[in-house]
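Residue numbers (my numbering), protein chains in the order written: chain S, 333 to 683; chain C, 333 to 683; chain V, 333 to 683.
Hints are computed from structural coordinates only; laboratory data are not their basis. Some clues are possibly wrong.
Put simply, identical chains are the same to the list, so a pair is met inside one copy or across any two.
[Said to hold, decoys possible] Simulated crosslink set (EDC-like; lysine to aspartate or glutamate; CA at most 20 Å straight-line):
hint, residue 1, residue 2
1, 394, 505
2, 422, 654
3, 335, 673
4, 422, 517
5, 394, 507
6, 576, 505
7, 615, 466
8, 422, 649
9, 576, 605
10, 394, 408
11, 613, 466
12, 476, 627
13, 541, 607
14, 335, 644
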Amino acid sequence: MTKFLRNSWYCAGWSTDVTDNPVGIKILSEEIVLFRTSDGTLAALNGRCPHRFAALSLGCIKGDLIECGYHGLQFDKHGVCRLNPHGQGKVPPRAHTRSYPAVERDGALWVWMGDPALADPADIMDLYFVGQREGWTGVTGYLKINADYQLVIDNLLDLTHATYLHPNTVGVDPEHSLGASLSYDFKTEGNIVRSNYTFRNSPPTALFKPFYPQERGDIFAFMRWEPAGALLLDISTTGVGMPKGTGVHMPSAHLIVPETEQTCHYFFALSRDVELDNEAKTKTMGEVALSAFIDEDEPVIHRCHELMNGAEFFELEPAILETDIAGIQARRILAKLIRQEQPVREAAEAA
Amino acid sequence: MTKFLRNSWYCAGWSTDVTDNPVGIKILSEEIVLFRTSDGTLAALNGRCPHRFAALSLGCIKGDLIECGYHGLQFDKHGVCRLNPHGQGKVPPRAHTRSYPAVERDGALWVWMGDPALADPADIMDLYFVGQREGWTGVTGYLKINADYQLVIDNLLDLTHATYLHPNTVGVDPEHSLGASLSYDFKTEGNIVRSNYTFRNSPPTALFKPFYPQERGDIFAFMRWEPAGALLLDISTTGVGMPKGTGVHMPSAHLIVPETEQTCHYFFALSRDVELDNEAKTKTMGEVALSAFIDEDEPVIHRCHELMNGAEFFELEPAILETDIAGIQARRILAKLIRQEQPVREAAEAA
Amino acid sequence: MTKFLRNSWYCAGWSTDVTDNPVGIKILSEEIVLFRTSDGTLAALNGRCPHRFAALSLGCIKGDLIECGYHGLQFDKHGVCRLNPHGQGKVPPRAHTRSYPAVERDGALWVWMGDPALADPADIMDLYFVGQREGWTGVTGYLKINADYQLVIDNLLDLTHATYLHPNTVGVDPEHSLGASLSYDFKTEGNIVRSNYTFRNSPPTALFKPFYPQERGDIFAFMRWEPAGALLLDISTTGVGMPKGTGVHMPSAHLIVPETEQTCHYFFALSRDVELDNEAKTKTMGEVALSAFIDEDEPVIHRCHELMNGAEFFELEPAILETDIAGIQARRILAKLIRQEQPVREAAEAA
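This is chain S alone, in the form it adopts within the complex (with noise of 0.2 Å):
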């Protein structure tokens, strides 16, 4: 069965990313190319051109149309043909191209991959800290992962991987952290997981270190998942035994995005709530976290992937830790969600 679920929106890109030019991107192993028209709205349409198969995205905009870069049709937002230059400039019935609810929001590009009568823009993970929103400020960014997306909530879902694989960038060295102490719960509402951690009386990461100046606090670390792979997590670090969200508070967003069965887009964004004009600690705070994803997930979780060697995760029988709640609820909604998806018969099938 596919691994991917096609009704829920899918980030596919940070506001800046699209300007003047068509950008393409790979989603669910689906061409996609999003652009803006004359207004600045966004459309998304399937980035194979249906005349010649070109990709669109070697395009370029000619007002309020998308004009293919080999043969010159021009396309409209909801992906008709509005323009055949040759000849007679008849537009042949199939001269169209799938087009994808599209919204803009909160500093983040949207595409809803599946059926559109089903698109709500108010399921859209709400990104309160991202796009110049008042009062916070912080960096977006943006890395490949050649994994299955489900490896990377995986990660994310399981905190206590950040001891041993960030314990310089954002995560707590367990050597300086005698007298420490974590707590977990996780908690499943409807289709949402959460993973919240607390680690008290605990050094600051050194992504908090430059904001919060004492030697210990307390580390609230909550995680939110939402199908199919939105994941906000929550950090604040306090004074020792004061009440989260006192202190310092870095929420961030995890946008996991499938490209392939093979690979994933991984969309961040990190923000924070103190000096907000430091401008040289926010260029410093966006190194640390891309250079904990780049340099110290990401080959784990390729490894991960590799050495799975494209089986199943429970064929493969994993030892479940209770760490793992979390991580396992969340794959079981996924599979729940995608069999749900299935049309009929293959529903059936699949019983």
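Take the given structure of chain S and dock chains C and V to it, following the hints.
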């Protein structure tokens, strides 16, 4: 069914490509080795040594024989092993490799991949302007295209793409060509397809500009395709209203040779009939053409191939324009010829 | 049927390759991790963590245990999880990974990939000249070959290729060896194949020349293959007419280890019994050998693999010369041993 036509002459290189050493090239997914016997005659053999399957192209020439570089077996131009240097020197019956009819003409090397009994050198495309022919000067070259060869034939048989893809090299920028008018007609004669374009009152292309000083002219671009992949493009730029053949003449050959189902060789020759001694302009002419093919055509065609994702062209239900007629006819002729040369049983099954 | 013999010792590295950190290597398409316990004892485990399938080679050593770098599970040399650092610390029953019999001897690390009950260290090839043995000096090294491992065994069991492929390194240029004479004989004893070459009155190879000043000599090159992929080449150059064993002696081991069906590891050791303290000559000796393997053998063998295009060797109906006897016998012995170790049902189906 295979995508390859076996009973056809394929260009395997330019005369200058094969000198003192054997040269390997893959054609129709088959390893070929080219070499010259002591009198310079071209020979073409299957390039896999029948002993231990080494690439004969890694060997060397000993007189009229090609010596395998691995264990020293020597083969003549018929593929017969003439020397086993080991022990008693007995040549085992399996020690032969297939030979292919090979012809050198007009500075090009041609190999016949099909039934040798059907190989007729008269069928080789007449490259009347290549190979030091009196009255012409020009360049030859090569590039690899990462796409099914038929996509390159499609490209060449529909020259309307030049306006969009090559406005600064071999095409005309539409913004500077107001007042120009294009007409075209397509003809099929037997298995040959012609696709003729006439641009009246057009600015000259960058390729012609150094040789044609007027601001406007009539461009005659006459393309002729011969199966499987030989195209001859006869372009001339004349004074407005003058007959074809006057003015500057710049014919070119585009010899498209399947390497595998995913890649093809593109041998090209481009000549002109003016300023024969101007070597600087010849060099620039070659650079402009190569850049158009490598920097403009290849990336688009390669992406078409990727976006087709292994599907057959007609299965994907392309939107067909009137400018596609020549390409469509070439595809149908190729399909017919490929079908006809299949063994009887296979052909019956296909019916 | 699989191409791999499981019940065999495979070289997994040189002693110096594994020190304070775990090291990963793929053998028979299986991920292995090597590490040393606190007393230096070698351990070999399946390198995929049973928890989330991370590569254990990315982890670190904690005393006698290997710690997974992803979530910190620790395993002993038997592959048993001894520490789950999370929550209650319960170790789930699936938290174990396979261990392999591992032996360190003569400076080489060996792993038994088959039934542990059949692992007998007495079957490991005797590398009497490696690992600081008295009376010898030399080098060890490694390269990757992009080909099925049996093609490398073929290569080594037919030394006549050295004349063609290695005339300036480990072979003799035929143009300078007029008057030399070669004789050879092949013997099979049980599952061991010997392939002995005697070149009388030959110029020395480039490898021997720095140690053997005469212009001519007798070269004795005695190759011994033990399944699956261990070859011992005993070469000596003596005065013309002198018995083998006099003169300069330069034995070498060639340990060919399947990585996948398309690639193999090539561990080599090369020693000599003269000028033991001349480190400059030892360095040169190693460079000449490595160059012969990497620059001369690998490209040819890799192309053989490509041109065989996945077919079985005998299916391709090779032309067999008398010099192929040893290689053919090794292939037959390997096929027999692989067949014998298949489960009974599989063996019955094959019959």
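Here's how the hints hold up against the structure:
Taking the shortest Cα distances, residue 394 and residue 505 sit within 20 Å of each other only across copies (15 Å), while inside one copy they are farther apart (54 Å). In this assembly of identical chains, residue 422 and residue 654 lie within 20 Å of each other by CA distance solely across copies; the values are 9 Å between and 64 Å within a copy. When the C-alpha separation of residue 335 and residue 673 is checked against a cutoff of 20 Å, the pair qualifies only within one copy, where the shortest distance is 12 Å, while the shortest distance between copies is 37 Å. Taking identical chains as interchangeable, the C-alpha atoms of residue 422 and residue 517 lie at most 20 Å apart only when they sit on different chains, with a minimum of 17 Å there against 63 Å within one chain.
For a Cα distance limit of 20 Å, the shortest separation of residue 394 from residue 507 across copies, 13 Å, qualifies, whereas the shortest one inside one copy, 59 Å, does not. For a Cα distance limit of 20 Å, the shortest separation of residue 576 from residue 505 qualifies neither inside one copy, at 22 Å, nor across copies, at 63 Å. Proximity of residue 615 and residue 466 under a CA criterion of 20 Å is satisfied intra-copy only: 19 Å inside one chain copy versus 60 Å between copies. Only between protomers do residue 422 and residue 649 lie at most 20 Å apart by alpha-carbon distance; the minimum there is 17 Å, versus 58 Å within a single protomer.
For a Cα distance limit of 20 Å, the shortest separation of residue 576 from residue 605 inside one copy, 14 Å, qualifies, whereas the shortest one across copies, 73 Å, does not. In this assembly of identical chains, the alpha carbons of residue 394 and residue 408 lie at most 20 Å apart only when taken from the same copy (10 Å versus 62 Å across copies). Taking identical chains as interchangeable, the C-alpha atoms of residue 613 and residue 466 lie at most 20 Å apart only when both belong to the same chain, with a minimum of 18 Å there against 61 Å between chains. For a Cα distance limit of 20 Å, the shortest separation of residue 476 from residue 627 inside one copy, 12 Å, qualifies, whereas the shortest one across copies, 26 Å, does not.
Taking identical chains as interchangeable, the C-alpha atoms of residue 541 and residue 607 lie at most 20 Å apart only when both belong to the same chain, with a minimum of 13 Å there against 60 Å between chains. Within a single copy, residue 335 and residue 644 get their C-alpha atoms as close as 10 Å, which meets the 20 Å cut-off; across copies the closest is 26 Å, which misses it.
Taken one by one, the earlier hints fail for this structure only at number 6.
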